[in-house]
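S.K.: Sequences and hints are given; from them, build the entire structure.
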Amino acid sequence: MNLTLINLSLGAYVLACILYFVYINFKSSLCAKAASLVFVLGFVFNTVAVAQRWHVSGHPPFVNLYESLVFFAWSIVLVYLIAEFAYKFKVLGAAASLLAVLCLGYASLLDRTIQPLLPALQSNWIVIHVITYFLGYGSVTVAFAASVIYLAISKKKSQDNLAGRLDTLSYRLIAFAFPFLTVGLTTGAVWANIAWGSYWSWDPKETWSLITWLIYALYLHARIVRGWQGRKAAYLSVIGFLAVLFTFVGVNFFLSGLHSYT
Amino acid sequence: MPDKAIKFFSSVKLAIFLLTVIIIASIIGTFIPQGIAPLEYIQRYGRQGYGLLSFLGLTDVYHSWWFILFLMLLAINLLVCSLNRIRMKKGRLSLIITHLSILIILSGGIVSAVFGQRGVMALYEGETGDSFTAAGNRQVGLGFGVRLDDFMLEWYDLDKHQIAVYVKDRDARKTVEVRQDGFYPIEGTDYSVRVLRYVPDFYLDEKKEAKTRSEVPDNPALLVRILKGEQSEDRWIFSKFPAFSTARDANIELAYKWLGSIKDFKSRLTVVEGGKDVLTRTIEVNHPLKFKGYSFYQSNYNPEELRWTGLQVVKDPGVGLVYAGFILLNIGIVVIFYANPELKQKL
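Residue numbers (my numbering), protein chains in the order written: chain A, 1 to 262; chain B, 1 to 347.
The hints are simulated quantities; they were obtained by calculation from the structure and are not laboratory data. Only a predicted model underlies this, so the values are computations on that prediction, with no experimental measurement involved. No residue lacks a Cβ here, since even glycine has one placed at the ideal position from N, Cα and C.
Derived CB-CB ranges, DEER-like:
#1 7(A) <-> 149(B): 48 to 54 Å
#2 123(A) <-> 207(B): 46 to 52 Å
#3 54(B) <-> 113(A): 41 to 47 Å
#4 127(A) <-> 169(B): 52 to 58 Å
#5 204(B) <-> 102(A): 53 to 59 Å
#6 158(A) <-> 65(B): 50 to 56 Å
#7 127(A) <-> 40(B): 34 to 40 Å
#8 292(B) <-> 127(A): 30 to 36 Å
#9 139(B) <-> 110(A): 44 to 50 Å
#10 7(A) <-> 40(B): 44 to 50 Å
#11 134(B) <-> 102(A): 45 to 51 Å
#12 102(A) <-> 215(B): 42 to 48 Å
#13 168(B) <-> 105(A): 36 to 42 Å
Once the Cα atoms are required to be at most 30 Å apart in a straight line, the calculated DSSO-like pairs of lysine-lysine come out as:
#14 232(A) <-> 344(B)
#15 346(B) <-> 88(A)
#16 33(A) <-> 346(B)
#17 232(A) <-> 155(A)
#18 27(A) <-> 346(B)
#19 232(A) <-> 7(B)
Going by beta-carbon spacing under 7 Å, a handful of chain B positions derived as facing chain A:
#20 19
#21 62
#22 326
#23 330
M.R.: Below, the structure written as structure tokens:
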């Protein structure tokens, strides 16, 4: 990916993060406006960087860890910005931009050479499978940030209103993510069947993506039907995110299997 | 069914319990290697550990009786919940479709497990196979023949090489990526390297001249000219034989790695039925051949024997049900969550 674009994007995310923090601490509405503007600008750079890499490499740019992290940052920021504009709620901005900074920062330490596409990845299914998964993951990651902040402030009486909004937002982000996780999981199974002749082989990556899906299914049932809210729901959201993290990177470090790229 | 049983099986509390158990069991199954040889288990966990693991079904969690029992209980839970909702005429259609779709997927899984056939088939070019090897070394007849006409291996970039240079008197290590005819000064040393020639499959003919057997990179070799001031030495280096060296100047060591990577491996297959060629297709990963319910997947090749192909052969009558379940599941869940007015309310 073009280094300048990624650096511009990273720079904008860092600046946005600082501005969001200033907004939270000093309630400056000017800062809030500037933060959103800079965050959107960083997102534009991030988008162009992904599009350019796609164009230059000639294949979808999510086939190694570097590319995946850049796309993950893009997904987090996209989902956050949608939520910010939809709900006019900016308190999560600092956390979302911090997560984006961490992704791009980590990515900048990795090997960025364009690698040729392995035979198994030469399929159009990669586009829908990966994009839906990343949008889902981006969304539950922002939900995780909301849950962590909720857990940090929910015991303070003065923050009741804010805590309640964070709790609701976390739930809505998980609800928004779940269809994406479902499309990602099922297209993955279809693709595996086309490539290897088996739609499910209990490969660690497959199994962990199912575990993640089941945890969020459990969250939604517990919340919608059993009325779990507040701390219980927030803990489940944190567990779900840890499962996402393990599915995304942990499996490749600790377990071996078919899904040995990214 | 008595009311008590209906109440028990239609409770979401039960669903949450079953999901939790299935999640935990699935996690365990990813940390304990599944279905490896008994000796490997004994090496890892000891004889007693292995005995315990296999008694508890933890060497094959996902096919153990208790895991399947929990899946079945979840299925009954889903079914009773859905029927209950239909009977009581409450709840949205999308919810019922979503939950029934999971039952459809699970029943597809059962059909696959019970009626599915799968195995492997290895063919040499020109050879026709009419059976494949299933689990337990069992031969299963196809009822027709499959001939391998041609196996093809493609590379991305043949002329891409890496040379790791070590210069002893400077204790300097450098790695350079090189191409044919390129000239590369080695930073921090007085040396430079010119790549004179690349040979994909090196051999010496009777006149002791370097030749290539084929364009297949079976024994990639580079002829490099090492330059230092007025001195010059031509040296062959081999990707597969790093220890083999024709060096005269022992002060500089070169290790060559061929960097080409495989782009694709393909097999041209012809289906033979009643002594006649019926159908010819070139298959590769992501593009199987289908004939009479059987699918042939490109799954293996042998870099040392390029006239050979390894195929995965599958006949899976459960796939249709599973795919139908997937479609309904996706539609159901999209409707549940995106036609939901709650998402649009203010925070």
